[in-house]
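Student: The task is simple: from the sequences and hints, build the whole structure.
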Amino acid sequence: MVDLLQLVFAGLSQGAVYALIAIGFVAVFTVSGVINLAQGEFAALAGLVAISAAGSGLPLPAAAVVAVASVAVVAVLMERLAIAPVKRMTTLVSLILTLGVSTGLKALMLLVYGPNAEGLTPITPGGVTVGGVSIRYQELWILAVAGLVALAVYWFYERTLAGKALRACAEQPVAARLVGISLGRASLTAFLIAGCVGAVAGVLASPVYFTSWESGLTLGLKGFVAATLGGLVSVRGAVLGGLLLGVLENLTAGYVSTGLRDAVAFLLLIIVLVARPSGVFGRHAEARV
Amino acid sequence: MSLEVRGLAAGYGRLEVLHGVDLDAGEGQLVAVIGANGAGKTTLLRALSGLVPATAGTVRLAGVDVTGSGPERLARAGLAHVPENRLVFPTLTVEDNLVLGAYTRRRQPAAERTRVRDRALALFPRLQPRLQQAAGTLSGGEQQMLAIARGLMAQPRVLVLDEPSVGLAPRLVGEIFTALGRLRDDGLTLVAVEQNARAAFAVADSVSVMDRGRVVLHGDAATLATDPRVTAAFLGGGVSAEATDASDGRH
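So the protein lines, in turn, are chains P and L.
Mapping of the first sequence onto the working numbering: residues 1 to 289, in sequence order.
Mapping of the second sequence onto the working numbering: residues 1001 to 1251, in sequence order.
Accuracy of the hints is not assured; some may be wrong.
[To be verified] Ranges between beta-carbon positions, derived for each pair:
{"no.": "1", "chain 1": "P", "residue 1": "LEU161", "chain 2": "L", "residue 2": "ARG1229", "range": "47 to 57 Å"}
{"no.": "2", "chain 1": "L", "residue 1": "ALA1111", "chain 2": "P", "residue 2": "GLY114", "range": "55 to 65 Å"}
{"no.": "3", "chain 1": "P", "residue 1": "VAL174", "chain 2": "L", "residue 2": "PRO1109", "range": "22 to 32 Å"}
{"no.": "4", "chain 1": "L", "residue 1": "ARG1212", "chain 2": "P", "residue 2": "VAL86", "range": "29 to 39 Å"}
Treat the hints as calculated values from the structure; they're not laboratory data.
Glycine residues also receive a C-beta, built at the ideal position from the N, C-alpha and C atoms.
Tutor: This is the structure:
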């Protein structure tokens, strides 16, 4: 029983990281039909920037802000330089383009930060044992901050005019243009959101899971699987998908074999795409973003 | 505000669909545009609202040349387009659809937007009890009303509508055209593309007949209603007035 609780808790905190990255996929895909393969690199880059900023003496919160801001700039530049100029964007073209950006970002990170994996200092070091379940404080921070960020994104889409305008672009782009919403600016906003949530995920995850130039690959793939579990169109689905994936991974690692941890995501992906391509939670048409 | 179109040409890629269209709608006039499938009616409206770029000709709003403007600028300039198939935002509430209709007026005082919204709801009282419902759950007629109301939220001076009556029960067609008549009486300029020629003739001031990318006939509704060329093509028994026009000028 303690094992189970331990695995579920670890899974939830890891899943919260996937959930944030999944929100990034959803934000971009709904508005522009782009599957952004550089989404994981946003997280890795944020982790590395935060580590080096903290290493150069900045206090942790400031380092985190620097990391999120730099990644936001990278995401905006990426949209302007690689996505916006394409006249007829299809999902296939977007895969090739963003794979290119992802490779470029990885090379840049390797060049600047070197090949070693490092961990950011935890916000609160240490941990506590509750009823036999050992909990790292950083894991609690992950859950709290990821939860807040997810709520903020949800609130943005549900309550603000800018968020509703993004949903309008996702649902009826022609009608959105007719009411005067600029699809170009919507796409830019979507990338900004994707950059910010990806960066927060990267900074939060770094103390527990470590960051290197290539950690974006795994994080991106897991985030993509989480988003797909939720149908790729809904923030709520992305969050639930992330948590589910995190828990299943940890249960598999704990009860079956550690080596199978990463296989879970792909097994899930195949099952979902074959059996329920519109996602596990709810129908395709409802609850877009 | 008057709308004046001269020699408008537009199309999709290398395919030209409009080959020099002339159209006039004076302030406070309702002009119906009728024509067979593929005559270019939808493309004409898409060119008017900037969804399709014009390749030749001019569009003037109240004498000001707006040719080549995108939808956003045209919406600000006072032209609203109620698109084919309504295109309401399905998961957003009726209220949010209206709020987004006023997107170009978002910096206006809220009181002004509320006044416009109340006027649109007075025109279509059926929407009032459904404000908090997702727009996708509305019936076809209610969605059409919402699409028109959303267009009105931009506070247009010229409203162009693509097949407002398509797929609706006769009673609803009457309701919608009555509303359009009231808007015209309030001084709004309207251009309505219609398959339902009877409904169009009943309320329009003037009628333009399109064929293969040109306006081939134009005149006031009363005169054209008895014109043998029109009655043969549109008002006679042979042609189904209810036929949809989904393929019009698009591919």
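Student: Falls inside 55 to 65 Å, the C-beta gap from L:ALA1111 to P:GLY114?
Tutor: 60 Å, holds
Student: Against the range 29 to 39 Å, how does the distance between the Cβ atoms of L:ARG1212 and P:VAL86 compare: consistent or not?
Tutor: With a Cβ separation near 34 Å, L:ARG1212 and P:VAL86 satisfy 29 to 39 Å, so the hint holds.
Student: For the pair P:VAL174 and L:PRO1109, does the Cβ-Cβ distance stay inside 22 to 32 Å?
Tutor: At roughly 29 Å between Cβ atoms, L:PRO1109 and P:VAL174 fall inside 22 to 32 Å, so the hint holds.
Student: Quick check: does the Cβ-Cβ distance between P:LEU161 and L:ARG1229 fall within 47 to 57 Å?
Tutor: Once the Cβ atoms are compared, 49 Å apart, the range 47 to 57 Å for L:ARG1229 and P:LEU161 holds.
Consistency note: the structure conflicts with none of the earlier hints.
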